[in-house]
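If you read the sequences in order, they're chains G and L. Counting from 1, one number per residue, gives the positions in the first sequence under the UniProt record's numbering. Counting from 1, one number per residue, gives the positions in the second sequence under the UniProt record's numbering.
Mixed in with the good hints there might be a few duds.
Unchecked claim - Here are the simulated DSS-like cross-link-like pairs (lysine-lysine), alpha carbons at most 27 Å apart as the crow flies:
{"#": "1", "chain 1": "L", "residue 1": "Lys78", "chain 2": "L", "residue 2": "Lys67"}
{"#": "2", "chain 1": "G", "residue 1": "Lys61", "chain 2": "L", "residue 2": "Lys151"}
{"#": "3", "chain 1": "G", "residue 1": "Lys46", "chain 2": "G", "residue 2": "Lys151"}
{"#": "4", "chain 1": "L", "residue 1": "Lys383", "chain 2": "L", "residue 2": "Lys271"}
{"#": "5", "chain 1": "L", "residue 1": "Lys67", "chain 2": "L", "residue 2": "Lys46"}
{"#": "6", "chain 1": "G", "residue 1": "Lys78", "chain 2": "G", "residue 2": "Lys67"}
{"#": "7", "chain 1": "G", "residue 1": "Lys513", "chain 2": "L", "residue 2": "Lys271"}
{"#": "8", "chain 1": "L", "residue 1": "Lys513", "chain 2": "G", "residue 2": "Lys332"}
{"#": "9", "chain 1": "G", "residue 1": "Lys493", "chain 2": "G", "residue 2": "Lys464"}
{"#": "10", "chain 1": "G", "residue 1": "Lys332", "chain 2": "L", "residue 2": "Lys145"}
{"#": "11", "chain 1": "G", "residue 1": "Lys381", "chain 2": "G", "residue 2": "Lys271"}
{"#": "12", "chain 1": "L", "residue 1": "Lys332", "chain 2": "L", "residue 2": "Lys271"}
{"#": "13", "chain 1": "G", "residue 1": "Lys381", "chain 2": "G", "residue 2": "Lys332"}
{"#": "14", "chain 1": "L", "residue 1": "Lys145", "chain 2": "L", "residue 2": "Lys178"}
{"#": "15", "chain 1": "G", "residue 1": "Lys271", "chain 2": "G", "residue 2": "Lys178"}
{"#": "16", "chain 1": "L", "residue 1": "Lys61", "chain 2": "L", "residue 2": "Lys46"}
{"#": "17", "chain 1": "L", "residue 1": "Lys78", "chain 2": "L", "residue 2": "Lys151"}
{"#": "18", "chain 1": "L", "residue 1": "Lys61", "chain 2": "G", "residue 2": "Lys67"}
{"#": "19", "chain 1": "L", "residue 1": "Lys493", "chain 2": "G", "residue 2": "Lys493"}
{"#": "20", "chain 1": "G", "residue 1": "Lys61", "chain 2": "G", "residue 2": "Lys78"}
{"#": "21", "chain 1": "L", "residue 1": "Lys61", "chain 2": "L", "residue 2": "Lys178"}
{"#": "22", "chain 1": "L", "residue 1": "Lys178", "chain 2": "G", "residue 2": "Lys61"}
{"#": "23", "chain 1": "L", "residue 1": "Lys46", "chain 2": "L", "residue 2": "Lys145"}
{"#": "24", "chain 1": "G", "residue 1": "Lys178", "chain 2": "L", "residue 2": "Lys332"}
Stated by the list, open to error - Anything over 12 Å on all C-beta distances counts as not near chain L; from chain G, calculated:
{"#": "25", "residue": "Asp171"}
{"#": "26", "residue": "Leu172"}
{"#": "27", "residue": "Asn206"}
{"#": "28", "residue": "Gly380"}
Rather than coming from a laboratory, the hints here were simulated on the basis of the structure. Values in this document were obtained by computation on a predicted structure and should not be read as measured data. Where is the CB? At the ideal position from N, CA and C, for every residue including glycine.
There are 2 protein chains.
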Amino acid sequence: MSYRAPVADMIATMRHVAGLDQLVTDGLAPELDDGVVEAVLDEAAKFATDVIAPLNRVGDKFGSTLKDGVVTTPPGWKDAYTAWAQAGWNALPGPEAYGGQGLPTLLQSACTEMWNSAALAFALGPLLTVGAIEAVHAHGSEYLKETYLAKLVSGEWMGTMNLTEPQAGSDLNALRTKAERQQDGTYRITGQKIFITYGEQDLTANIVHLVLARLPDAPAGTRGISLFLVPKYLVNADGSLGEHNDLRCSGLEHKLGIHASPTCSMAYGDKGGAIGWLIGEENRGLACMFTMMNNARLNVALQGVAIAERAYQQALAFAQERRQGAALDAPKGAAMSPIVVHPDVRRMLMDMRAKTQASRAISYQVAEALDRSHRETDAGKRKAATERAAVLTPVAKAYATDIGIDVASTGVQIHGGMGFIEETGAAQHLRDARICTIYEGTNGIQAIDLVLRKLPLSGGEAVKALIAEMRGIVAQVEGANAPGFGHTAVRLKAAVDALERATEWMLATMGTKQGDALAGATPYLKLFALAQGGTGLAKKALATGSEPDGANDLATARFFAELVVTEAPALELAVTEGAGAVEDAAAVFAA
Amino acid sequence: MSYRAPVADMIATMRHVAGLDQLVTDGLAPELDDGVVEAVLDEAAKFATDVIAPLNRVGDKFGSTLKDGVVTTPPGWKDAYTAWAQAGWNALPGPEAYGGQGLPTLLQSACTEMWNSAALAFALGPLLTVGAIEAVHAHGSEYLKETYLAKLVSGEWMGTMNLTEPQAGSDLNALRTKAERQQDGTYRITGQKIFITYGEQDLTANIVHLVLARLPDAPAGTRGISLFLVPKYLVNADGSLGEHNDLRCSGLEHKLGIHASPTCSMAYGDKGGAIGWLIGEENRGLACMFTMMNNARLNVALQGVAIAERAYQQALAFAQERRQGAALDAPKGAAMSPIVVHPDVRRMLMDMRAKTQASRAISYQVAEALDRSHRETDAGKRKAATERAAVLTPVAKAYATDIGIDVASTGVQIHGGMGFIEETGAAQHLRDARICTIYEGTNGIQAIDLVLRKLPLSGGEAVKALIAEMRGIVAQVEGANAPGFGHTAVRLKAAVDALERATEWMLATMGTKQGDALAGATPYLKLFALAQGGTGLAKKALATGSEPDGANDLATARFFAELVVTEAPALELAVTEGAGAVEDAAAVFAA
């Protein structure tokens, strides 16, 4: 089943939920006037549908393979990547000084969603390149910028992130890869990295590895980690490619999903040390990584939205075709109806749709906040936007990827027995979606980040400002007096009340009983997402009421409020009264 | 990671939740005195752990393959199956007149759980054989019983169920396979069947297919379906195998999971018609199928429990080994701790444990009710037990298989990046678990069955009796005054109240607004499961308080009540006030 980019909902979400119109009015996105958004999204939609989407199943079936150190991507992938980069899509987010278009993150986000809906394993490589570009652009020397940025921005070369080692996953304290200073100012890198996405591939002429490593005299822990740029091929002074660096792909993982994305074990320095260049300052490598963390986490959130959207479209198309059982109101002996008429199937499809659109709402709000954090001229407004993005990023990353799995699984269910057959394609979405809750910081780490680092920003004011905004939307729904909203206002109000109380509890508890706060971190994040996503959908429905799709937006907001947001009181209890039950586990698992 | 059968919890659940002690006291299970239960379970545990469990990953990796109509099961599977059948395990549930042991379903259920934890794809074949035995035993002619039952009971031959056709999945009205009467009293069967589990295999010398088909003069719809026994090899009068019947495996599905279980397309009658024997009466085939439906659905529920248990064990073992991050209370600079000490990991593990044990509680209660439905001498008690089993069967099937997916997915999450790597084995559990919510009636069908067929039994009294029982347990928890229960009593009471109100609403609504009732069927089933499972765990904790494992049972019951059952009010709202939002979907999906 082919993918159709949901351009109308993307634009409605950008305009009415994420505040694109206001961004333009405020003069912060002058490049987006005169139908630029529509034009870019329509072109991107065409490329995603026509070129990338058909590769998704091929990529899953053939996967990337490793032979004698050479990785081969699936049939058709190299051509598609080359065409995609040549069409300028890789350059969309890049800095203008190096050939990029520097378009707002909000617009990029919709495109990112499309590439990932079309083929998550395809879109993943360029996302890592974006991270490499950001790190080099923000912290690299002039030499590194001049040598690498233009090629990375155009997509002629790809970038990678080398963090994980067997003993160091979520905990980077334990990193062991070594870097030794050389007379010429370069470094020699030695060590093993695992789980390196697109660590080796046949799509681009060179690969630019960003590698975390330790200097011999570095302090222990994360304050002793430095970031290095280690190219696959050294680059000559004239920009041509020179010698192969001392690094190789030593293995490829056999994974549950994203088979086409090569997940490599990388060996650095078999022959004495790979040549690397320091990015930023020695021992400040983690700070460089954090520069790009928010964007990378937003991009993974968009992967969750993307896979959910694709799974939803596929399930809906199947449900409109597949006939089993007669409709309730059909005369006796009537022919079988499309299963979309059965109430339980409708419930499942609305659940998929509402969760997908709510996740899109939250994710695009992160994108808009990031744009404001860079573009506001007033320092106070920049700070507010930065904190807003900081708070909403873990919410978007964890919720969108959690529902990515959930929605893809429901998609399998709607297909019945056919869903379990790989040729149908529904199962691939579930397999692919399963990684997004794990990489770029597990969702448990996101919840801890929200509670311990983000909630305290400006003494809790960043979160309180979001809650006040939610209250404003609830008041508008109450005032709208639109029967189509059903019980939306009362359900949303209950969720926002619950979030406010849970927030107070968290702020009061984290200092004194950190263990209790951490036990409630995951339900707190989910509660936040329900309130944020629920009010986001309501905001959209309030704005589109008079448009052709307005009735559908209303129905979607109502469904989310009445059948999803209703979990809020349970989540509040999990936060404020759940720690005891979690602590009991200490004895249960004591062995 | 190896599987260890949770014999202690199985026995505690049998005794204290499912009422094994009372069954023995009532004289209804005389064969289970003097430590028979312990002895059987210990032997089964040994076989499951030593012989079957190591085959699980092999089975996934190699799968079953088809070449020239011959299916080859994975390396080691034939030897293991033969040893398992020879040890008498296949005969455990069989009727004594044909060499079976006729042991109570309750005891069988614990064994069934073990085989499925060890390897779901392995255990699945024998489960279908059980169904074939039941159908032939209950409805077959003396000739069929004499010819087939002993071999099926011993496991020398396997049985299959042939229901599904491409156009007829959940809706059997649409069946097209033809059966034509012959002079000699046999029938000629012609048609295509799909999704036939173990339809062809190399484990047994013969395969006994039960096939649903239509006679030429049959009425339309499900009242025109007959059931036939169609052996792969015809059986001579002396019991030896004769000619190959006119049937073949025409294809094997490429599935998300249970790769070792061959899912066959079957072609009957390429050469004029496969020879079949009628089971029961003409046009009464569905009634024969329903005979075995409750048992089959219980067995799939046990598959959900089984896969959840195995995923839980694997995640717990990983969390006790894997070190990342220091514990909260560790001194600064301390070494990394096993991740099991981190609150969010504890929460996930307790969630897995509690849902698994709650599902076990519900499933074993179904088994006990089935035993009473066969063994009670008083007709009134037999009827009550039959209705109790009827009500709880869809609850067990849907809830246990839903949490099977949920728990297996959390297991992947606890493994972090390693969880996404197939060699780890955590992902296989998720892939395998994904079928259980689909086959043997999708979980949506289970919910409809609960609401439309089971709830009205004895005018709702069957359900009300269960609710009264739950209230009794809540009162005991209230009276226990045990601090370890935390808020268990109040949370369970809220759930039982919600279930009672939702039940009243359902009974009042199903006659007048069936669409509204069906829109709430799935949340109603889940609400039922939370109340039934939550009170089940509490009942166990009440009984084991003074035993060594009592504290763990208490902690598990508390966690389920405080962090899982708390969804009950949201589910009640979904039942009683959710239909409007579901109905809005009609317009959304009208295009």
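Consistency of the hints with the structure:
Between Lys78 of chain L and Lys67 of chain L the alpha-carbon distance is near 17 Å, which keeps this suggested pair within the 27 Å criterion. With a CA separation close to 41 Å, the supplied pair Lys61 of chain G and Lys151 of chain L exceeds the 27 Å bound. Proposed proximity of Lys46 of chain G and Lys151 of chain G is supported: the alpha carbons are some 25 Å apart, at most 27 Å. Taking the CA atoms of Lys383 of chain L and Lys271 of chain L, the gap is near 48 Å; set against the 27 Å cutoff, the hint is violated.
For the hint linking Lys67 of chain L to Lys46 of chain L, the alpha-carbon distance of about 35 Å lies beyond 27 Å, and the restraint is violated. Note on Lys78 of chain G and Lys67 of chain G: the hinted pairing holds, with a Cα-Cα distance of about 17 Å set against a maximum of 27 Å. Between the alpha carbons of Lys513 of chain G and Lys271 of chain L the distance comes to roughly 76 Å, so the proposed pair goes past 27 Å and is violated. With a C-alpha separation of about 17 Å, the suggested pairing of Lys513 of chain L with Lys332 of chain G holds against the 27 Å cut-off.
Only pairs whose Cα atoms come within 27 Å are accepted, and Lys493 of chain G paired with Lys464 of chain G is accepted, the gap being roughly 15 Å. At most 27 Å may separate the alpha-carbon atoms for a hinted pair to count; Lys332 of chain G and Lys145 of chain L exceed this at roughly 38 Å. Among the hinted pairs, Lys381 of chain G with Lys271 of chain G is inconsistent with the structure: their alpha-carbon atoms are about 52 Å apart, more than 27 Å. Taking the CA atoms of Lys332 of chain L and Lys271 of chain L, the gap is near 78 Å; set against the 27 Å cutoff, the hint is violated.
Using a Cα cut-off of 27 Å, the hinted pair Lys381 of chain G and Lys332 of chain G is violated, with the two alpha carbons roughly 65 Å apart. About 24 Å separates the Cα atoms of Lys145 of chain L and Lys178 of chain L, which keeps this hinted pair within 27 Å; it holds. As the CA atoms of Lys271 of chain G and Lys178 of chain G are separated by approximately 14 Å, the hinted pair is consistent with the 27 Å bound. Between Lys61 of chain L and Lys46 of chain L the alpha-carbon distance is near 24 Å, which keeps this suggested pair within the 27 Å criterion.
The straight-line distance between the Cα atoms of Lys78 of chain L and Lys151 of chain L is roughly 17 Å, inside the 27 Å bound, and the hint therefore holds. Our distance criterion of 27 Å between C-alpha atoms is met by Lys61 of chain L and Lys67 of chain G, whose separation comes to about 21 Å. Of the supplied pair hints, the one linking Lys493 of chain L and Lys493 of chain G holds, its CA atoms being roughly 25 Å apart against a limit of 27 Å. The hinted pair formed by Lys61 of chain G and Lys78 of chain G meets the criterion: a straight-line CA distance of about 16 Å does not exceed 27 Å.
Proposed proximity of Lys61 of chain L and Lys178 of chain L is contradicted: the alpha carbons are some 37 Å apart, above 27 Å. Simply put, Lys178 of chain L and Lys61 of chain G have alpha-carbon atoms about 37 Å apart, too far for the 27 Å limit, and the pair is violated. Proximity of Lys46 of chain L to Lys145 of chain L is assessed by CA-CA distance (about 33 Å); at most 27 Å being required, the pair is judged violated. Taking the CA atoms of Lys178 of chain G and Lys332 of chain L, the gap is about 24 Å. The hint holds against a cut of 27 Å.
The non-interface label for Asp171 of chain G is inconsistent with chain L: the shortest C-beta to C-beta separation is roughly 4 Å, within 12 Å. At the 12 Å boundary, the C-beta of Leu172 of chain G falls inside the reach of chain L, the nearest C-beta of that chain being 10 Å off. The claim that Asn206 of chain G lies off the interface holds: its Cβ sits roughly 26 Å from the closest Cβ of chain L, which is beyond the 12 Å cut-off. For Gly380 of chain G, the shortest C-beta to C-beta distance to chain L comes to about 35 Å, beyond the 12 Å cut-off, and the non-interface label holds.
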